[in-house]
Amino acid sequence: MSGQGQVSFRNIVKMHGEFAALKGVNFDIKPGEFFALLGPSGSGKSTTLRILAGLDAPTAGRVLIDDKDVTSTDARDRDIAMVFQSYALYPHMTVAENIAFPLEMAKLPKSEIAPAVKDAARKVKIDHLLDRKPGQLSGGQQQRCALARAIVRKARLFLLDEPLSNLDAKLRLETRAELKKLQRSLGVTAVYVTHDQEEAMTLADRMAVFMSGEIQQVGTPAEVFARPNSIDIAGFIGNPPMNLVPARYADGDVIIAGHRLKTTITTAGERDVVVGLRPGALRMSEGGLGARVDLIEDLGDTAVLDLDCAGTMIRMRVADGNIPGEGDTISITARPQDVHLFDPATRMRL
Amino acid sequence: MTAKRLRVIALLAISMVFLLAWAFPIIWSVLNSLKTDSDVLAYPPKLVFAPTWEAYRDVLFGSGSILPNLLSSVIISVGTTIVTMLMAVPAAYALARLRFRGKKFAGFYVLATQMLPPVGIIIPYFLVLRNIGWIDTYQGIILIYLSFSLPFAIWLLVSYFEDIPFEMEEAAYLDGASRLKTLWRIIIPQVRGGIAVTVVFVFLNAWNEFLFAVVLSGNTVRPVTVAMFNFVSVEQTLWAKLAAVSVLAMLPVVVLGVVAQKHIVKGLTVGAVKGGGRR
Chain Z
7 MSGQGQVSFR NIVKMHGEFA ALKGVNFDIK PGEFFALLGP SGSGKSTTLR ILAGLDAPTA
67 GRVLIDDKDV TSTDARDRDI AMVFQSYALY PHMTVAENIA FPLEMAKLPK SEIAPAVKDA
127 ARKVKIDHLL DRKPGQLSGG QQQRCALARA IVRKARLFLL DEPLSNLDAK LRLETRAELK
187 KLQRSLGVTA VYVTHDQEEA MTLADRMAVF MSGEIQQVGT PAEVFARPNS IDIAGFIGNP
247 PMNLVPARYA DGDVIIAGHR LKTTITTAGE RDVVVGLRPG ALRMSEGGLG ARVDLIEDLG
307 DTAVLDLDCA GTMIRMRVAD GNIPGEGDTI SITARPQDVH LFDPATRMRL
Chain L
2 MTAKRLRVIA LLAISMVFLL AWAFPIIWSV LNSLKTDSDV LAYPPKLVFA PTWEAYRDVL
62 FGSGSILPNL LSSVIISVGT TIVTMLMAVP AAYALARLRF RGKKFAGFYV LATQMLPPVG
122 IIIPYFLVLR NIGWIDTYQG IILIYLSFSL PFAIWLLVSY FEDIPFEMEE AAYLDGASRL
182 KTLWRIIIPQ VRGGIAVTVV FVFLNAWNEF LFAVVLSGNT VRPVTVAMFN FVSVEQTLWA
242 KLAAVSVLAM LPVVVLGVVA QKHIVKGLTV GAVKGGGRR
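Chains as they are written, first to last, in my numbering: chain Z, 7 to 356; chain L, 2 to 280.
It should be emphasised that the hints constitute simulated quantities derived from the structure, not laboratory data.
Misleading hints may appear alongside valid ones.
Here are the computed distance ranges between Cβ atoms for each label pair [said to hold, decoys possible]:
no., chain 1, residue 1, chain 2, residue 2, range
1, L, V79, Z, S191, 22 to 32 angstroms
2, L, R180, Z, E229, 34 to 44 angstroms
3, L, P166, Z, T335, 49 to 59 angstroms
4, L, L112, Z, A228, 55 to 65 angstroms
5, L, V9, Z, I302, 31 to 41 angstroms
6, Z, G145, L, L112, 37 to 47 angstroms
7, L, R180, Z, G30, 48 to 58 angstroms
8, Z, G145, L, R180, 26 to 36 angstroms
Some chain L residues near chain Z, calculated using beta-carbon distances under 8 angstroms [what the hints assert, rightly or not]:
no., residue
9, D38
10, D40
11, L42
12, A113
13, L117
14, L175
Below, computed lysine-lysine pairings styled on DSSO-like, alpha-carbon distance capped at 30 angstroms [as the list claims (entries may be wrong)]:
no., chain 1, residue 1, chain 2, residue 2
15, L, K105, L, K182
16, L, K263, Z, K139
17, Z, K131, Z, K186
18, Z, K131, Z, K116
19, L, K182, Z, K116
20, L, K182, Z, K113
21, Z, K113, Z, K74
22, Z, K187, Z, K129
23, Z, K116, Z, K139
24, Z, K187, Z, K131
25, Z, K160, Z, K74
26, L, K263, Z, K74
27, Z, K36, Z, K139
28, Z, K129, L, K105
29, Z, K160, Z, K36
30, Z, K186, Z, K74
31, Z, K160, L, K182
32, Z, K124, L, K182
33, Z, K268, Z, K186
34, L, K182, Z, K139
Cβ atoms here follow ideal geometry from the backbone N, Cα and C, with glycine treated the same way.
Isolated chain L, as found in the complex (with noise of 0.2 angstroms):
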């Protein structure tokens, strides 16, 4: 065997490690949330078992309903993410080509913004929200989301608004366009491959979310990762349905990614090819 095969397999051993070790708890979830109660606690663990689908249909349609959990957390993450985008793409723009009185300091309050641990800052936001009767309620949630998702954001878009050049601007102006026809016909189109990949992650955060919306939440306002919750309690942790739920819970984040893997790549991409007309 010559030395480049080892290397080949070798290295595709320790790719098969690194697989293994993030694949394990979601095949592991998916796993028990076909298993019966019984089964799941079963020892040694049964590889081979009748899959039933009863964990799915009692945490979907049975008494204790995930549904409107679920639902919940789809409004959340897509408000969250509207209203970040809406905020964020005019905001990126402005930082990277604006030249205004206290552009330094605005910038760098974004990134320290990020700074902060969220344990330090969810006292004062409960008390904010306990205030001004919005706990418990999508735009008390909403709100405390936008706070680090919009940072996060501008932060992400800034760099791509960055890599366009200048003259392509100046070009547009010349050509007869507006400052916000510019910035739509030109820039935008531009780094969507920037919002695809901000807009994945800013919806992550805010479907992943568990501390502030364990918290902020109630019982009008429940998104799933904390109705997880409901499945473990101090007699037992029902596991199929905890299992199920985890896995209905990822499928979104599945789908989002596998849409938005063509944009994301894309995104990255954008100005390796030469010319282009962007140098």
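Chain Z on its own, in the form it takes in the complex (with noise of 0.2 angstroms):
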């Protein structure tokens, strides 16, 4: 029944009218993977996760898990479990009978089935609250009773809907550790969905970033970081997200409020670029672009500068020790590597 988990999406289309959700998405997921679909709301990540779990039909394309086309395989029948941001528990049974209804559903022997709810339960640690009903759970409590209804039954694929959006701040950190650690643990693919970037950062081995209905970038977190692929991606992702200032190239500089950045390319010739700088990539140092400091939230281990660049807003994150005070005038550059540069038409990176 379990199967290995690997996942295609080819040139999956959806139309809600004239509206199209989704332009053609494309990409895979390998077995074991834990990946994330990332993007900001109305986005296109949940649809793609609905349309692999087969609760609602691509309007083109084809869809593959472990090669094998399910494009118009029923939803019972993909063999996947899913965890609803709602959770979904069935009001009406308790915690115990709610774990053990896929396994029902799959007409395993109530021998096999109680010691499989058990076994699920436990790994979520809600075996002490088998005989309550979802209604008497705490929030975090009832996540874990749809997580242990997820894993009891060793599907192939493991969908998860923003499954942490309802829990308060804390547990949510709490509950995405211990996510991890599952996933490991079960070694099954997981298909995690979230608009919350540092979620998937910390999460997914790898991750799609969904924009207006597609996808703009597939790649780990680290690399999504490091090389964001458009202006959309640079200003989603990170907190507080990349700088992105309107400049203009010239021969392997930018020039931003006067002041002339080097950067890693070396093409001849001018145009206008928009500068993408990561707040943690902008360094205080003589020389460099003056700056007023307009304003400073501290965070304790680090602090965000908002800076005033001759009219630029440019926010900067400093290490503790080093926070100058407002109002004062600093002198910010940046290393080469750490200037990104894009395209103010395509929006696209150069």
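Hints given; two lone chains; assemble the complex.
Put into structure tokens, the structure is as follows:
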């Protein structure tokens, strides 16, 4: 019953009337991978997950699981488990009955169901709550119950639709770490939808970044962070996100507010560009771009400075002990490899 | 006395007035059913009298026993309720969930049938039943009752089905359940309250129905609402017996109300609890 859990999307298009929710999506997920679908709301990531689950049918394109075309296979025949954002627990059943439901539907004998339910509950630490109804559980416990129901069946694919978004901040961090451990120990392929770039960065082996119905980049979190493919991704990933400043490119340099910054590009000629600078990649150094400190957001170990560079707002992250005062004028610069260039017309990386 | 207490007293007084207005006919029936015919007609009305079961004995076991009529009412009401629910539950589910051509029209049609005045359709109904030879038959009356209990039940149930989040069903599909299994194991247990409420209403409507019954029934099938009029004739009205039949006819209704109350209240409060998997 359990397969490998390899997924391929081939030119998936989803139309809602005239509106294209997905405009030809392609990606491959390797077996055992933790794969995140990241993007702002309305970018198509949830639609993608629903098409993978078989809850929605694509308008065009093919979905392959373990090299088999499942595009028109029913959801219940795809051997996929899913955790919903609302958890979708069955309120009239106990926790044990909820977890047992997929096994019952698979017509497993009762003698096998009971130990499997116990085992799944133990893995998510709710084995003491088996007789409760979902209404008697806290949000975190409900979430665990939904997880247990998903892992009990040992499906080949494990889908998670923003599973942490209903938890409070502290619980979210805890559960995030546990989720990653759980997925590793089960060795199952997981597809995780989130709009929270931090969740995707910390959890995913690889991720696909969605922007208005298209995948703009697929890669490891480190790759996407280091080399965002487009202005939209650059502005979406990182906290605070990358500074994006309109500037002029001239013979390997960019000119921001009259100051020249070296880049890694060496093409001759001049053109308009958008410069991307990570707040953490900026350095204070003599002879750099002059900037006035407008506001300091102290985060304890680091601080984020809002800088005014001759009318251009730039945010910069500095380590504790290195914080200037508000109203001070400082001089900043960045290494050439930290200067990202984008085309303002196509919005893609240069 | 504080203003708050005055308000409480005023509210209590108003409730008492309403309660009396509601309860008066019932109390009056119960009292009259326990009187002799002469006590019933005594003026001024006797509040203190020697109670007797004579009227009950007569209407149940006398020459004009209404036991067959009670049986008729039970067969008609239970039959109507069962057939209605068997058809209304899947229909309501379909209207609440599925996307199909003409759904809007179907939904409107269901409601539109409720807007016709019953008197306007009674003659066509009579003619139809007469032509197929179903006057004075159980299937005839149940069929006619279906024509208004079914739309009503569907319309009532749809809102209960609509309250259940889509994700709940999708979770069941992914857990490997078929659509029918999902309906049976996941959806219906959650609309139990709504089904109980609908059963009560459908049963009561059928049990209390008079207008259609009086036209479409006969000597074979004669529900208690019609049979009651045996005790009203041109010469006299047998008030004590009439009251006794009324009380007997009310009993199943009261019992049903008490039994179903738990479900009805539950049906109203489901979802009021935070979480419960249905946000």
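We went through each hint and held it up to the structure:
1. Between L/V79 and Z/S191, the C-beta spacing of about 57 angstroms breaks the proposed range 22 to 32 angstroms.
2. Roughly 43 angstroms separates the CB atoms of L/R180 and Z/E229, a value that falls within the hinted 34 to 44 angstroms.
3. Distance hint check: the CB atoms of L/P166 and Z/T335 are about 56 angstroms apart, consistent with the given range 49 to 59 angstroms.
4. At roughly 59 angstroms, the beta-carbon separation of L/L112 and Z/A228 lies within the given 55 to 65 angstroms, and the hint holds.
5. At roughly 60 angstroms, the beta-carbon separation of L/V9 and Z/I302 lies outside the given 31 to 41 angstroms, and the hint is violated.
6. Judged by the Cβ atoms, the range 37 to 47 angstroms given for Z/G145 and L/L112 holds: they are separated by roughly 39 angstroms.
7. The hinted range of 48 to 58 angstroms is not satisfied by L/R180 and Z/G30, whose Cβ atoms lie roughly 31 angstroms apart.
8. In this structure the hint that Z/G145 and L/R180 lie 26 to 36 angstroms apart at CB holds, the actual value being about 30 angstroms.
9. Restraint check, L/D38 versus chain Z: the minimum CB separation of about 54 angstroms is more than 8 angstroms; hint violated.
10. Nearest Cβ of chain Z to the Cβ of L/D40: about 54 angstroms, over the 8 angstroms cut. The hint is violated.
11. For L/L42, the interface hint is violated, since its Cβ never comes within 8 angstroms of a Cβ in chain Z; the closest pair sits about 56 angstroms apart.
12. Using the Cβ-Cβ criterion of 8 angstroms, the hint placing L/A113 at the interface with chain Z is not satisfied: the shortest such distance is roughly 29 angstroms.
13. A cut of 8 angstroms between beta carbons decides the hint on L/L117: the least distance to chain Z is about 37 angstroms, and the hint is violated.
14. Hint on L/L175 holds. Least Cβ distance to chain Z is approximately 5 angstroms, under the 8 angstroms limit.
15. With a CA separation close to 26 angstroms, the supplied pair L/K105 and L/K182 stays within the 30 angstroms bound.
16. About 19 angstroms separates the Cα atoms of L/K263 and Z/K139, which keeps this hinted pair within 30 angstroms; it holds.
17. Our distance criterion of 30 angstroms between C-alpha atoms is met by Z/K131 and Z/K186, whose separation comes to about 15 angstroms.
18. Between Z/K131 and Z/K116, the direct Cα distance comes to roughly 22 angstroms. Compliance with the 30 angstroms bound is thereby established for this hinted pair.
19. In summary, the hint linking L/K182 to Z/K116 is supported, as the alpha carbons are separated by about 18 angstroms, within the 30 angstroms threshold.
20. Taken as a hint, the L/K182 and Z/K113 pair is honoured in the structure, with Cα atoms around 13 angstroms apart against an allowance of 30 angstroms.
21. Using a Cα cut-off of 30 angstroms, the hinted pair Z/K113 and Z/K74 holds, with the two alpha carbons roughly 24 angstroms apart.
22. The straight-line distance between the Cα atoms of Z/K187 and Z/K129 is roughly 11 angstroms, inside the 30 angstroms bound, and the hint therefore holds.
23. Between Z/K116 and Z/K139, the direct Cα distance comes to roughly 21 angstroms. Compliance with the 30 angstroms bound is thereby established for this hinted pair.
24. Annotation: proposed proximity of Z/K187 to Z/K131 holds, straight-line Cα distance about 13 angstroms (limit 30 angstroms).
25. Simply put, Z/K160 and Z/K74 have alpha-carbon atoms about 19 angstroms apart, close enough for the 30 angstroms limit, and the pair holds.
26. Between L/K263 and Z/K74, the direct Cα distance comes to roughly 51 angstroms. Violation of the 30 angstroms bound is thereby established for this hinted pair.
27. A threshold of 30 angstroms between alpha carbons decides the hint, and for Z/K36 with Z/K139 the separation of about 37 angstroms lies outside it, so the pair is violated.
28. A C-alpha spacing of about 47 angstroms is found between Z/K129 and L/K105, which places the hinted pair above 30 angstroms, so the restraint is violated.
29. For the hint linking Z/K160 to Z/K36, the alpha-carbon distance of about 17 angstroms falls within 30 angstroms, and the restraint holds.
30. Of the pairs offered as hints, the one joining Z/K186 and Z/K74 holds, with about 28 angstroms between alpha carbons and a cut-off of 30 angstroms not exceeded.
31. For the given pair, Z/K160 sits about 21 angstroms from L/K182 by alpha-carbon distance, which is consistent with the 30 angstroms threshold.
32. Between the alpha carbons of Z/K124 and L/K182 the distance comes to roughly 24 angstroms, so the proposed pair stays at or under 30 angstroms and holds.
33. Distance check on the hinted pair: Z/K268 and Z/K186 sit about 40 angstroms apart at the alpha-carbon level, beyond 30 angstroms; violated.
34. Only pairs whose Cα atoms come within 30 angstroms are accepted, and L/K182 paired with Z/K139 is accepted, the gap being roughly 21 angstroms.
Hint compliance for this structure: hints 1, 5, 7, 9, 10, 11, 12, 13, 26, 27, 28, 33 are broken, all remaining hints hold.
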